[in-house]
Structures are given as C-alpha cells and as structure tokens.
Amino acid sequence: LLSFIWKASAERTPRRREWRPQLYRKCTDTTWLFLFFLFWTGLMFITGYSVAAGATGRLLFGYDSFGNVCGQKNSPVEGAPLSGQDMTLKKHVFFMNSCHLEVKDVRLSSTVLCVASCPGEQLDTLEEVQLFADNNGSFLCVYSLNSVNYTQNPNADSLCPRLPVPPSKSFPLFNRCVPQTPECYSLFASVLINDVDILHRILSGIMSGRDTILGLCIFALALSLAMMVTFRFITTLLVHIFIALIIVGLLFVCSVLWWLYYDYTHDLSIELDTERENMKCLLGFALVSTVITVVLLGLIFVLRKRIKLTVELFQVINKAISNSPFLLFQPLWTFAILISFWVFWMAVLLSLGTAGAARVIEGGQVEYQPLVGIRYMWWYHLIGLIWTSEFILTCQHMMVAGALVTCYFNRNKNDPPDRPILWSLSILFRYHQGTAIKGSFLITVTRIPRTILMYVSTALEGKQRGPCSRCVCRHCFCCSWCLDKCLRQFNQNAYTTTAINGTDFCTSAQGALQLLSKKSSHLTSVQCFGDFIIFLGKVLVVCFTVFGGLMAFNYNRALQVWAIPLLLVAFFAYFVAQSFLSVFETVLDALFLCFAVDLETNDGSSEKPYFMDQEFLSFVKRINRVNAERAQGAEHASRNEEGAELQPVV
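First residue of the sequence shown: 1, per my numbering; consecutive thereafter.
No wet-lab data here; the hints were simulated from the structure. Ideal placement from N, C-alpha and C gives every residue a C-beta, glycine not left out. Hints are supplied without guarantee of correctness; some may be wrong.
Now the in silico label distances, taken between C-beta atoms and shown as ranges [stated by the list, open to error]: (1) K73 / V445: 37 to 47 Å; (2) D211 / L422: 34 to 44 Å; (3) I241 / T41: 25 to 35 Å; (4) R375 / T524: 40 to 50 Å; (5) E121 / R488: 17 to 27 Å; (6) N149 / R375: 39 to 49 Å; (7) W379 / M551: 50 to 60 Å; (8) T41 / S75: 27 to 37 Å; (9) Y380 / H100: 38 to 48 Å; (10) Y376 / T524: 16 to 26 Å.
Let the sequences and hints guide you as you build the complete structure.
Given below as structure tokens:
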C-alpha cells in the first residue's frame with residue numbers, strides 16, 4: 001500500500017523539463033497534417049470548379065454586350081444570335097455612346113462592341129463611320145449591320161454609335177477605347193471608373209501600371225540582396241552609414257508624401273473620384289510615415305550607444321552562418337515557391353470572379369449572373385492563401401533553425417557536420433510537418449478577424465459612422481496586430497525548440513517559454529537590439545522602393561487608382577526584405593535559444609562542457625562585464641548623491 005501511494009504521489013509531482021538536444025525524434029502533431037491534407041482537398045475542388053465555370057478572359061480582355069470576349073474565339077449563347085463570334089482580330093472594347101454613359105440597374109446603358117481599332121479622329125457623319133470601317137476594318141456599328149448599309153438602313157441611328165463619335169485611343173484599362181475630348185473624357189471616366197466594381201478598379205490600376213510595378217519589385221529585390229551582403233560583412237563604419245541612410249530615407253519619404261498631398265490639395269483640375277481617392281490615400285500614407293519616422297528616430301537616438309556590441313553580435317551570427325553558407329540562398333527558394341503559389345492563387349481567384357451563368361436579356365444581349373456559393377468559396381480561398389503562405393515561411397524558419405541547431409550542438413567545432421541544410425530539411429519532412437502546420441494555423445486564426453474587420457471597414461466606407469465606431473475599429477486593428485506579432489515570436493521559439501528536442505508544438509512552446517524566462521535581461525536587450533537593426537534594414541528597403549513608386553506613379557494621376565499599386569509595391573518590398581533578412585533574424589533568435597539550452601544542460605566543467613565556441617562565450621562574458629561596469633557606475637553615482645549634504649557656512 002505504501003509503495004502504491006508513493007508511486008501515485010510521484011506521478012502527481014511534475015517532473016523537471018528534460019532537454020535532450022538532437023537525441024530523440026518522433027512524428028509530431030500528425031493530426032494537423034491530416035487536417036491540412038483535407039483542407040487542400042477542398043482547395044483543389046475550388047480550383048477545378050473555377051476552371052470549369054470561370055472565364056478569366058472576360059475580366060482581363062473585356063467583352064461586348066452579346067457575350068463575346070474581345071480578342072478570342074467564342075462559343076455561342078443560346079438565344080443570343082450575335083454571340084459565338086470570332087473576335088481574334090477585334091481586341092478593343094468600344095462603347096457606342098461613350099459621351100453619354102449611364103448606369104441603369106447596375107448595367108451600362110450603352111451597347112458595347114469588340115472592334116479592331118479605336119477611332120483616332122472625330123467622326124461626324126455616318127459616311128465617315130463607313131469610311132473608317134472600310135479603311136481600317138474596324139466596324140463601329142452592331143455586328144448585324146453590314147458596313148455597306150451604314151448610310152442606307154433606316155435604323156442606323158440605333159444600330160450605330162451616337163454622332164459625333166469622339167476620338168479615342170486604347171488605354172490599358174481592360175483594352176477600353178477611352179475618348180480623348182475633355183467633355184467626353186470626364187463623363188466617361190466618372191461613370192466607368194467610379195461605378196465599376198472595386199475589384200475591377202484595383203485590377204485596372206495594377207494593369208495600367210504593371211511595368212512600373214515590375215520594375216519596382218526588381219528594385220526591391222536588388223535592395224534586399226544589398227542589405228543581406230551588408231549584414232554578412234558588417235563593420236562599425238557600415239553600421240553608421242546604414243543608420244544615416246535610414247534617417248535620410250525616412251525624412252525624405254515623409255517630406256515627399258506631404259509635398260505630394262499639398263500639391264493634390266491645390267490642384268484645381270481634380271475632378272475624378274480616382275484622384276480624390278489618391279489624395280485621401282496620400283494623406284493616410286503621410287500620417288503613417290510621420291508616426292513611424294518619429295518612433296524610429298527616437299529609438300535610434302536612445303539605442304545609439306549599443307552599436308559596438310551590435311557589430312560584435314553580427315560577427316558571431318556570421319560565424320554561425322559560415323558553417324552553413326548556403327543558408328543565405330534559402331530565401332531565394334522560399335521566394336520562388338511563394339511566388340509560384342501566389343500566381344496559382346491569383347489565377348484561381350480571377351476564375352472565381354468570372355464564374356457566372358449567361359442570361360439573355362432584351363435585344364439579344366447577354367449578362368452574367370454570379371453563381372450561388374461563390375462568395376463562400378472566396379473566403380475559403382482566402383484562408384488557403386494565408387495558411388499556405390504561413391506554412392511555407394514556417395518551413396523556411398524550421399529548416400534554418402534546424403541547420404543551426406545541428407552545427408551548434410556539435411562537440412567537434414573543427415569538424416562541422418556535412419550538409420546540415422539537407423539534414424534539417426529531411427528531419428522537417430520526416431517528423432515535424434504537423435508542427436509547422438499547427439503553428440501556421442494559429443497565425444491564420446489571428447489574421448482572419450483582422451481581414452473581416454478590414455472588409456467591414458471597406459464596406460462601411462462612405463457611410464456615416466460615429467467617432468466611437470471608428471475608434472473601436474482602430475483599436476481592434478491595433479490589438480490584432482500586436483497579437484499577431486507576439487504570436488509570431490512565440491511560434492518561432494516553439495519551432496526552434498522542436499528542432500532541438502523533437503517535441504510537439506505545445507510542449508516545445510511551453511519549454512521555450514520557461515527557459516527564456518530564466519535568461520539574463522542583458523542578453524535579451526542585446527538580442528532585441530539586433531532584431532531592431534534587422535528591422536531597420538527592412539525599413540530601408542521599403543523607404544527607397546516607396547520613394548521610387550511615388551515618383552513613377554505621380555506622373556499618371558488620372559484613370560489610375562495608383563494608391564493601391566503603391567501599397568502593393570510597399571507590401572512586396574517588405575515581404576522581399578523579410579524573406580532575405582529573416583535568415584539573420586532566425587539565426588539570432590535560434591542562437592540565443594541554443595545558448596539558453598546549453599546553460600540549462602551544462603555547467604562548463606570537464607564532465608559537462610558547453611557546446612558554444614570560444615568566440616560566442618567571450619562575447620557573452622564581454623556583455624556581462626560591460627553591464628557590471630554600468631551597474632557599478634550607477635551605484636557609485638547614487639551613493640554620491642546620497643552623501644551630498646548642505647554644509648553650514650562658517
């Protein structure tokens with residue numbers, strides 16, 4: 001009986017956490033791997049459905065009032081005699097009543113045709129319309145009317161464009177013929193752009209500035225590579241130059257944003273809602289950049305005395321990377337995989353956006369009605385974007401952390417392990433895919449409410465809302481952002497612990513939290529400052545990319561919601577910088593966690609020597625010595641203040 005009671009009490013007593021680096025492996029969180037497989041089965045179903053029911057060509061190339069996609073061969077629609085025509089040579093969308101466009105029941109009142117070319121000069125009579133058709137092969141009247149009968153048919157007024165036909169040219173706004181006369185241009189743009197669906201407006205801005213966006217993305221990629229080389233061969237002089245560039249970039253971008261906003265507010269020619277939206281977005285960009293500039297400049301001023309320790313810290317990081325130099329190329333693979341997935345995701349999204357059933361209306365014209373359940377598929381597809389993207393980034397983190405762990409917990413520093421990256425990759429796919437999926441799902445759960453809030457805020461934009469609702473919405477955005485950042489750091493420590501000890505996600509997260517709570521605050525401050533320097537590198541890339549975008553997009557204000565492409569470019573620049581510089585961030589966090597595990601399991605004696613090399617050990621001792629000197633100086637100053645008393649004057 002006593003032995004039974006002793007065993008029961010021993011089972012109830014919590015055992016001390018055991019750290020066994022690189023000694024034990026098992027498959028972790030396999031249930032989540034199965035759930036992820038089921039989720040992707042649903043994504044494949046949506047992909048097949050979008051391919052079968054969607055028509056991306058209608059969105060990208062435009063279509064006429066009879067269901068024909070311009071620039072393509074078309075299948076006939078039952079009940080629409082003018083459908084099913086070969087429009088291979090007719091790539092432009094022409095509005096027969098472009099100077100008097102109206103929207104009735106969410107449809108344009110004007111008949112839309114596919115034409116071979118847009119009329120470059122004004123056509124005042126039907127004879128000129130007929131001559132233009134004969135000379136250019138571009139027929140501006142309804143397809144059923146032969147060009148020979150343009151001037152003879154008594155119904156030509158209703159079958160041909162309203163006279164005079166204004167001069168127009170094709171603009172990369174889904175290949176539409178845009179009128180060039182000022183009075184027609186203003187009305188055409190106000191109806192076509194301001195009343196079109198928000199998705200089309202965003203895509204039109206992206207399509208019209210696609211060359212600029214591509215150039216800025218390449219520029220951001222080059223800047224990120226330059227920053228990675230800077231951190232790889234960092235010196236004290238480079239850090240000072242780097243911080244000076246950060247300060248200049250922040251102040252310069254902030255000043256340019258305010259100058260452009262001032263220029264917009266004093267521009268009397270602004271008539272389109274697109275220009276007004278650009279002005280509002282500029283004000284938002286300027287306010288956000290001002291706040292970020294003030295905060296970052298204050299942090300740089302406060303932390304300026306830690307530059308020397310930061311240089312030594314990055315030298316330790318670079319020595320750890322030198323054991324696996326191919327870690328620096330890992331972001332290229334991650335970037336390529338993410339881009340491929342995003343292209344696939346966007347193609348499916350465009351197909352879903354055009355999935356609709358053709359319905360014949362009066363006059364033999366065709367309109368498309370969205371299919372039932374499409375909106376739910378959009379949300380499912382959005383969750384797939386976030387979850388899969390986070391899973392890909394998590395795999396990169398676990399692979400980098402696993403390679404570092406393999407090199408750190410190697411007794412013979414003169415004989416580093418062979419191919420640590422491939423070994424880490426094999427461990428990840430053999431044992432820990434479920435852990436990566438579970439951690440990325442937690443990030444996805446925190447992002448979904450923020451996405452819903454953004455959707456609701458966009459839907460309510462323009463409606464009257466009280467200051468209380470706006471304040472609550474902003475606070476929710478702020479809280480969700482803070483939760484996302486904290487959870488990311490929490491997950492990264494859990495991934496590194498899994499790479500060290502081979503445990504599941506929850507056990508690893510608990511062990512990492514308990515271990516890091518014992519770590520010295522001095523080491524934590526140095527680690528945080530190292531993360532701050534890496535973050536400044538990302539800010540530098542975004543600053544110069546956004547400045548280039550401001551200069552490029554500002555020259556084409558009309559017919560282009562360029563605030564959206566600029567925001568897209570800024571997001572892409574930060575993502576590229578995050579992808580490349582995250583290697584240093586991951587190595588830094590994993591290095592300090594390995595150091596904490598090393599202190600927990602070893603004492604530096606001959607029986608239990610430390611795994612860390614002498615350079616890292618001397619760096620830690622130097623930090624402790626510097627902090628001890630500062631503490632003694634502060635204590636000495638406080639004693640002097642206490643001993644200072646007023647002496648009577650004799």
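To see whether the hints hold, each was checked on the structure:
1. A beta carbon spacing of about 46 Å between K73 and V445 agrees with the range 37 to 47 Å that was offered as a hint.
2. The hint said 34 to 44 Å for the Cβ distance between D211 and L422, and at roughly 39 Å that hint holds.
3. For I241 and T41, the hinted distance range of 25 to 35 Å is not satisfied, since their beta carbons lie about 52 Å from each other.
4. The given range of 40 to 50 Å is respected by R375 and T524, whose C-beta atoms sit roughly 46 Å from each other.
5. Between E121 and R488 the beta carbons are some 59 Å apart, a value that contradicts the proposed interval 17 to 27 Å.
6. A hinted range of 39 to 49 Å for the beta carbons of N149 and R375 is consistent with their spacing of about 46 Å.
7. A hinted range of 50 to 60 Å is violated for the C-beta pair W379 and M551, which are about 37 Å apart.
8. Taking 27 to 37 Å as the suggested C-beta distance range, the pair T41 and S75 conforms, at roughly 31 Å.
9. For Y380 and H100, the hinted distance range of 38 to 48 Å is satisfied, since their beta carbons lie about 42 Å from each other.
10. At about 45 Å, the CB distance of Y376 to T524 disagrees with the hint of 16 to 26 Å.
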